[in-house]
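Protein chains in written order, with my numbering: chain A, 610 to 720; chain B, 1108 to 1222.
Among the hints, a few may not be true.
Restricting the straight-line Cα-Cα distance to at most 25 Å, the calculated cross-link-like pairs of lysine-lysine (BS3-like) are [stated by the list, open to error]:
| no. | chain 1 | residue 1 | chain 2 | residue 2 |
| --- | --- | --- | --- | --- |
| 1 | B | 1164 | B | 1149 |
| 2 | A | 680 | B | 1149 |
| 3 | A | 707 | B | 1164 |
| 4 | A | 680 | A | 719 |
| 5 | A | 680 | B | 1185 |
| 6 | A | 707 | A | 626 |
| 7 | B | 1149 | A | 610 |
| 8 | A | 707 | A | 680 |
| 9 | B | 1185 | A | 610 |
| 10 | A | 680 | B | 1164 |
| 11 | B | 1185 | B | 1149 |
| 12 | A | 715 | B | 1185 |
| 13 | B | 1164 | B | 1190 |
| 14 | A | 666 | A | 626 |
| 15 | B | 1164 | A | 610 |
Using C-beta positions, here's what the derived DEER-type ranges look like [unchecked claim]:
| no. | chain 1 | residue 1 | chain 2 | residue 2 | range |
| --- | --- | --- | --- | --- | --- |
| 16 | B | 1187 | A | 625 | 47 to 55 Å |
| 17 | A | 654 | B | 1185 | 24 to 32 Å |
| 18 | A | 665 | B | 1178 | 36 to 44 Å |
| 19 | A | 668 | B | 1203 | 17 to 25 Å |
| 20 | A | 622 | B | 1203 | 31 to 39 Å |
Which bits of chain A does chain B cover? Going by a derived footprint, with three or more residues having C-beta under 8 Å, they are [said to hold, decoys possible]:
| no. | stretch |
| --- | --- |
| 21 | 648-658 |
| 22 | 710-718 |
I should point out that these hints are in silico values taken from the structure, not numbers from a laboratory. Every residue gets a Cβ at the ideal spot worked out from N, C-alpha and C, and that includes glycine.
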Amino acid sequence: KNQVEQSPQSLIILEGKNCTLQCNYTVSPFSNLRWYKQDTGRGPVSLTIMTFSENTKSNGRYTATLDADTKQSSLHITASQLSDSASYICVVSAYFNKFYFGSGTKLNVKP
Amino acid sequence: EPEVTQTPSHQVTQMGQEVILRCVPISNHLYFYWYRQILGQKVEFLVSFYNNEISEKSEIFDDQFSVERPDGSNFTLKIRSTKLEDSAMYFCASNPLGGGNQPQHFGDGTRLSIL
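Let the sequences and hints guide you as you build the complete structure.
Here it is in structure tokens:
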């Protein structure tokens, strides 16, 4: 069964600290893996997209990693800011144009 | 920066009625998608659309649902004979040529409430 599991469900960190969010998937056939940020009441916003051959991709303070062998990905946020408070969603795409979403990690950055 | 726009932001409909959710994708985009998110649950893929036809659909997207690009700018999701469990946030998304490996741009959703 095609599934995407994320951990932790929620996370509270202090402003300026780093954090790492996890994603495990069982989607097949694999096309790519995406990380999105979703603010409350808004649509998701794309952070990174990685294909099978990519191990790491950065977008500012966000760095995603992908291990296609173990079917695991992580999203590392450096020097967190209050505006990073949001849900972070891992999405795995199967060929062609079919998408499986994780339940998200709700991040709360406190001053 | 161009945006995907969705209307209305909130739709209230009586159970059994038909509803049409509207989306205006970014103008040079060629791939279009509908997703839904039931309150407190994960986002679920419904359908992808390219070249005026459905390219993929999920198990959720049964005969109750249909999509259309009626005029080259709008992309609509029609839900017939609505049920209470159709209450959810519906998101539209689009991406340019290149399809599966391009970032999708999402609208801010239409909240559908079935009474």
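The hints, checked one at a time:
With a CA separation close to 17 Å, the supplied pair residue 1164/B and residue 1149/B stays within the 25 Å bound. A distance of roughly 20 Å separates the Cα atoms of residue 680/A and residue 1149/B; the hinted pair therefore holds under the 25 Å criterion. The hinted pair formed by residue 707/A and residue 1164/B meets the criterion: a straight-line CA distance of about 7 Å does not exceed 25 Å. Only pairs whose Cα atoms come within 25 Å are accepted, and residue 680/A paired with residue 719/A is rejected, the gap being roughly 31 Å.
The hinted pair formed by residue 680/A and residue 1185/B fails the criterion: a straight-line CA distance of about 36 Å is larger than 25 Å. Restraint check: the Cα-Cα separation between residue 707/A and residue 626/A comes to about 35 Å, which exceeds 25 Å; the hinted pair is violated. Only pairs whose Cα atoms come within 25 Å are accepted, and residue 1149/B paired with residue 610/A is accepted, the gap being roughly 16 Å. At roughly 18 Å between alpha-carbon atoms, residue 707/A and residue 680/A fall within 25 Å of each other, so this suggested pair holds.
Among the hinted pairs, residue 1185/B with residue 610/A is inconsistent with the structure: their alpha-carbon atoms are about 28 Å apart, more than 25 Å. Between the alpha carbons of residue 680/A and residue 1164/B the distance comes to roughly 24 Å, so the proposed pair stays at or under 25 Å and holds. Straight-line distance between C-alpha atoms of residue 1185/B and residue 1149/B comes to about 21 Å, which keeps the hinted pair within the 25 Å bound. Between residue 715/A and residue 1185/B the CA atoms are separated by roughly 31 Å; this puts the pair beyond 25 Å, and the hint is violated.
Straight-line distance between C-alpha atoms of residue 1164/B and residue 1190/B comes to about 20 Å, which keeps the hinted pair within the 25 Å bound. Annotation: proposed proximity of residue 666/A to residue 626/A holds, straight-line Cα distance about 20 Å (limit 25 Å). Between residue 1164/B and residue 610/A the alpha-carbon distance is near 16 Å, which keeps this suggested pair within the 25 Å criterion. In this structure the supplied range 47 to 55 Å holds for residue 1187/B paired with residue 625/A, their Cβ-Cβ distance being about 51 Å.
Take residue 654/A and residue 1185/B: their Cβ atoms lie about 27 Å apart, and the range 24 to 32 Å holds. At roughly 43 Å, the beta carbons of residue 665/A and residue 1178/B sit within the given window of 36 to 44 Å. At about 18 Å, the CB distance of residue 668/A to residue 1203/B agrees with the hint of 17 to 25 Å. At about 35 Å, the beta-carbon gap between residue 622/A and residue 1203/B stays in the expected band of 31 to 39 Å.
Figure legend: the stretch 648-658 of chain A, annotated as covered by chain B; annotation consistent (7 residues with Cβ-Cβ distances under 8 Å, at least 3 required). Judged by the Cβ-Cβ criterion of 8 Å, the stretch 710-718 of chain A is covered by chain B as claimed, because 4 of its residues qualify and three suffice.
Going down the numbered hints, you'll see the structure goes against 4, 5, 6, 9 and 12, while the others check out.
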